[in-house]
Structures are given as structure tokens and as C-alpha cells.
Amino acid sequence: AQSVAQPEDQVNVAEGNPLTVKCTYSVSGNPYLFWYVQYPNRGLQFLLKYITGDNLVKGSYGFEAEFNKSQTSFHLKKPSALVSDSALYFCAVRDPGSGGYQKVTFGIGTKLQVIP
Amino acid sequence: KAGVTQTPRYLIKTRGQQVTLSCSPISGHRSVSWYQQTPGQGLQFLFEYFSETQRNKGNFPGRFSGRQFSNSRSEMNVSTLELGDSALYLCASSLDRDGYTFGSGTRLTVV
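Residue numbers (the numbering used here), protein chains in the order written: chain V, 1 to 116; chain G, 1 to 111.
For the record, the hints were derived by calculation from the structure and aren't laboratory data. Every residue, glycine too, gets a C-beta built ideally from N, C-alpha and C. Please note that a few of the clues may not be correct.
[To be verified] Dumping the calculated BS3-like pairs for lysine-lysine here, alpha-carbon to alpha-carbon at most 30 Å:
{"hint": "1", "chain 1": "V", "residue 1": "K49", "chain 2": "G", "residue 2": "K13"}
{"hint": "2", "chain 1": "G", "residue 1": "K57", "chain 2": "V", "residue 2": "K111"}
{"hint": "3", "chain 1": "V", "residue 1": "K77", "chain 2": "V", "residue 2": "K58"}
{"hint": "4", "chain 1": "V", "residue 1": "K77", "chain 2": "V", "residue 2": "K49"}
{"hint": "5", "chain 1": "V", "residue 1": "K22", "chain 2": "G", "residue 2": "K57"}
{"hint": "6", "chain 1": "V", "residue 1": "K69", "chain 2": "G", "residue 2": "K57"}
{"hint": "7", "chain 1": "V", "residue 1": "K49", "chain 2": "V", "residue 2": "K69"}
[To be verified] Chain G residues, not near chain V, derived (Cβ > 10 Å throughout):
{"hint": "8", "residue": "E52"}
{"hint": "9", "residue": "T80"}
{"hint": "10", "residue": "V111"}
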């Protein structure tokens with residue numbers, strides 16, 4: 001069974017500093033990996049995805065993530081945090097399996113707080 | 001193009017009642033998935049429909065059901081509501097290899 005772990009409930013970072021939100025996964029095959037962001041009382045917004053190819057993936061709003069197969073990790077990063085980045089971040093994985101019909105499994109979410 | 005539309009946005013129901021939530025996916029997306037989001041449990045997968053067929057189902061009781069129509073619009077139904085069903089219900093549509101596009105959700109409160 002596929003699973004995702006986000007080990008930190010909350011990450012605090014000062015505005016202008018680099019940020020990292022951690023994610024590790026477990027799948028039987030080659031994963032599809034995703035990051036989403038959720039603002040209060042809203043649905044989730046897609047940030048970026050890794051399907052295949054370059055391990056460093058660039059996404060929306062200056063975010064990027066690095067796929068590390070040996071460590072089964074897909075950490076989200078940004079070189080300089082903004083107060084407006086404060087939100088709830090979800091990592092997700094899909095194990096393509098047979099025919100790509102596997103569901104997407106989400107982590108529990110990490111609350112990012114950027115301090116002015 | 002239009003995003004994923006969920007209706008209604010807010011709903012208050014009494015225990016024992018039933019409720020139907022609606023989701024219109026992005027045009028051309030044939031896959032629609034439903035998730036329940038609660039503060040303690042995160043996003044829990046309910047079910048996924050593709051071309052009117054349920055192809056994945058989560059671990060929810062039979063009170064939770066869904067369907068998809070030929071135009072890809074989807075509905076989910078919860079019968080005999082319980083207090084614990086209070087949650088944000090999210091619908092997402094996708095092309096298979098892509099990420100999901102989520103709707104804004106339906107906030108269900110059971111009193």
C-alpha cells in the first residue's frame with residue numbers, strides 16, 4: 001500500500017529565509033509525487049509534480065521540490081519565504097500500478113508559518 | 001477555462017438526515033475523486049469515478065455513496081448523517097497522469 005509521511009505538523013520560518021517542508025513516501029513502484037497548498041476555507045491548489053525526468057522540479061510561486069529515490073523523499077523548498085506563503089501544505093503520492101488507476105494518497109499536512 | 005465547481009459551499013443538516021453534494025469537473029476531465037477533510041484525519045479518500053464507473057473506493061461505510069453522469073458531473077450522497085460526518089468535502093478532477101484540480105469544497109455541518 002502507498003503512504004506519505006509529513007513529519008512536521010508545523011514549520012516556522014522568518015520572512016526572507018529559505019524554507020523546507022519535508023515529505024517521505026512509500027510505494028511499490030515508481031511514484032508520481034505532488035505538492036498542494038491550501039489557504040483557509042479553500043480547496044487545495046496544485047503547486048508542482050514529479051512524474052519522471054529531472055529530479056529537481058520547479059512549480060508555482062517560486063516553489064521547487066527535489067525527488068530523492070534513495071531516501072524516498074520529496075521535500076518542498078523555496079529560497080526566500082514570503083508572509084503570503086503561510087498556509088497548509090500537502091504532499092501526495094500516486095503509485096501508477098496497473099493502468100494508472102491507483103488513488104492519490106495525501107499526507108496529513110504541514111502548516112507553514114512565515115514570520116514577518 | 002472553468003475550474004471544478006462544487007455546490008453547495010455550505011450545508012447544515014440534522015443527524016439522521018441525508019445529503020447530496022455535487023461536483024462539476026473541468027471540461028474534458030473524466031476522472032472525479034472525492035475526499036473528506038477533517039482537522040484530525042487530514043484528507044481521507046472516499047471514491048474515484050472514471051467514465052461513470054467507480055474504479056477506486058476508500059474505507060468509508062456504505063452510508064457514503066456516489067455516482068458519475070455521462071457529462072462527468074459527479075454527486076456524492078451521505079445517508080443517515082452522524083455528527084462525525086461534519087467535514088469539508090473536496091472534489092477533484094484530473095487527467096490520469098496529472099495532478100488534481102480541486103474545487104473549493106462543501107462544508108457540511110451536522111447538528
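These are the hints, each one checked on the structure:
no.	hint	verdict
1	V:K49 to G:K13	37 Å, violated
2	G:K57 to V:K111	28 Å, holds
3	V:K77 to V:K58	10 Å, holds
4	V:K77 to V:K49	13 Å, holds
5	V:K22 to G:K57	28 Å, holds
6	V:K69 to G:K57	28 Å, holds
7	V:K49 to V:K69	15 Å, holds
8	E52	15 Å, holds
9	T80	25 Å, holds
10	V111	19 Å, holds
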